[in-house]
Amino acid sequence: MKRWLPFPIISALLLIMWLLLNETLALGHWLLGGLLAWGVPYATRRMQPLRAKKVRRPLMAARLVGVVLVDICKSCYQVSKVILGGAHRRRNSGFMMVPLDIKAPHGLAVLACIITSTPGTAWVELSADRRWLMIHVLDIHDEQWWIDTIKGRYETPLKAIFE
Amino acid sequence: MSPMEQVPLWLAIPVSALLILGSFLCVTGALGLLRLSNFFQRVHGPSLINTLGAGCMLIASMLFFSVMQSRLVIHELLITLAVLLTAPVTTMMLTRAALARDRRSGRPDVPPRAGEKGGDVHTGDRIE
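Order-wise, the sequence lines are chains V and X. Take 1 as the starting number for the first sequence in UniProt numbering and just add one per residue. Take 1 as the starting number for the second sequence in UniProt numbering and just add one per residue.
It is worth saying that the hints were derived from the structure and are not from the lab. This structure is a prediction, so every number in the text was calculated from the model and none was measured. One or more hints might be untrue.
To spell it out: a stretch of chain X is covered by chain V in this simulated footprint if at least three of its residues, at any positions, have a beta carbon under 8 Å from a beta carbon of chain V; those stretches are [what the hints assert, rightly or not]:
hint	region
1	23 to 31
2	72 to 78
3	87 to 94
Glycine is no exception: its CB is placed at the ideal position from the N, C-alpha and C atoms.
Please construct the entire structure, taking both the sequences and the accompanying hints into account.
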């Protein structure tokens with residue numbers, strides 16, 4: 001089972017996506033979609049180096065999604081102000097280091113997506129020992145505030161979810 | 001009679017508000033490319049477009065077609081998912097490529113490698 005259907009959930013999601021995009025439940029699309037949904041994960045099974053552990057705290061994950069959506073809206077407003085505001089507001093950008101505690105690779109991947117998706121901050125690089133993260137911030141008004149935000153609002157829930 | 005007259009007012013107002021807000025964010029994001037002064041700053045402009053800008057447009061589209069075709073239209077959720085998964089990855093790759101280029105050409109304003117004592121950059125090798 002595991003050998004011939006390496007990622008059953010991904011396959012099921014791909015099949016659902018195929019049927020939704022084609023807006024049909026015709027037999028031909030079930031067959032074609034099913035073939036793709038099985039074949040693509042099967043052909044790329046060696047590209048996933050680590051399997052994710054089972055996500056344990058679905059409620060906390062749902063709350064994290066909410067927190068991230070609110071933060072994206074807030075930072076869209078902040079970034080718009082920087083872009084449309086006076087020239088002095090645009091001289092405040094730079095790189096900064098954030099100390100990290102989270103070690104789980106999937107947690108780090110989600111953290112990378114959160115930080116990069118949020119306007120105003122971008123993930124730059126992770127040190128080899130995974131203890132320091134370099135980010136670029138459009139408006140560093142206070143380094144400690146950014147560190148507290150990233151660690152408190154994103155890293156702590158991610159650690160609870162993935163470790 | 002234009003087709004827009006068939007749209008009820010209670011639907012037209014939120015859909016237009018969302019479209020205007022989304023377009024405003026897209027213009028702002030594009031202006032960012034013009035007004036911000038270096039590559040790393042300009043990375044932040046388009047992220048306005050692919051988060052809230054695209055989000056407003058997609059919600060407007062979902063609302064409009066769900067009501068006008070009187071069935072749930074959820075293609076937009078798939079688009080949102082695809083944008084949310086792919087946009088951060090391309091942004092990260094562009095940022096890292098720019099940083100590697102600046103380091104190689106020896107620019108003065110480039111930060112040292114992440115890590116306390118100038119350690120190597122994490123390249124994604126496997127650890128258990």
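Structure-based check of all given hints:
1. 23 to 31: holds (count 4)
2. 72 to 78: Result for this restraint: holds, n = 3.
3. 87 to 94: Coverage by chain V holds for the region 87 to 94 of chain X (5 residues, Cβ < 8 Å).
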